[in-house]
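Read off the chains here:
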Amino acid sequence: MNKLEQRFPRYSKLLSLYPSNYRQNYGEQMLQTLADMLDDPERSKTAVWSRLTLDFPLSLLKQQLIYTGEVMAMDTPYYVKRSAVVGSALVAPFFIFLALNGIMHNRLQHSWVWNSWFLFVWLILLPAIAALANIQALVRSRQAAGTAQNKRAVGVTARSSWPALTILLVSLGILGIVFFHDSVHCVTGNPYRELHNWHATWQCIQNGTV
Amino acid sequence: MSKKVTGLLPQVTFSILFALSLKPRHGYEIMQQVEHDSVGKVKLGPGALYGTIKQLREDNLIEEMPFEGNERRRYYRLTKKGWDTLNAELAYFQNTVELAQQRKLLGGTLGVAQ
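Residue numbers (the numbering used here), protein chains in the order written: chain L, 28 to 237; chain F, 220 to 333.
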């Protein structure tokens, strides 16, 4: 531990939350800049720490988003990208029909979406295929991680599998909506109106109807 | 990864390039100069400062100088592309100020002159 890390132990630990490449290039310089700010007699220490309170989470979020974007663009295995695209295409109709229903009908149970063919194809079959495709991608991603030589490589591989994980969760969410639709229609019919009148919505959830 | 920089620069990006136009500086000097040039309106923390420096280096607008002495104080300077970008930005501002003068918008008369 060097002098600056000893002087700012908490900030040093927080810096470890940045992506490793960024931390290696700029971590020491950030510590030095913080030391310079605090050593400057013209600056109030309170003002420096308050500025840091806002600066740290915002820049951390930004760098993590940039890093995730770079990983997605460059390090995501081809089969994960393919599964994510296929999964998105399969689950998209659900949201399109849900949005159309919101425009054309007040409540989901009155909609033409509640036709047995729609229920089967768009709400069950396609999300299930999307989920299966992404489970396969996830398993392959984890297998690749298992053969990696070090923990960092495992972390990157696990991180790169998040598009597949997201699609999988969305698919499961759709199945959940179908399963619990007696309550879900209370808020999916017209979300703004239903949430605005939260008391009636709560009664609807309890009774299954308004 | 270098990409083409087009259009008006974000405030912080412009401020850092402007601060480096006088001489190469390290992080804290950049921060001080930016605050001075913007009359305290642009205030940077270490995260925002080095996040922007990282972006500017990737865009090849600034470069790190070979370090001497304290390795935590890395000095940065403008590249040729950085100078070109800064000059283009300043030319745009100059044109805007000239237009504002022609329209008598400067000097506290905004909203009065018709």
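Please note that the accuracy of each hint is not assured.
[To be verified] Non-contacting residues of chain L with respect to chain F, defined by C-beta distances greater than 12 Å in every case (computed): (1) 37; (2) 64; (3) 77; (4) 85; (5) 109; (6) 166.
[To be verified] Chain F stretches covered by chain L per the calculated footprint, using a threshold of three residues with CB under 8 Å from any CB of chain L: (7) 231 to 238; (8) 279 to 292; (9) 298 to 305.
It is worth saying that the hints were derived from the structure and are not from the lab. Please read these numbers as outputs of a predicted model, since none were measured by experiment. Quick reminder that beta carbons are idealized off the backbone N, C-alpha and C, glycines included.
If you check each hint against the structure, which ones fail? Result: hints 2, 3, 4, 7, 9 break, sorted rising.
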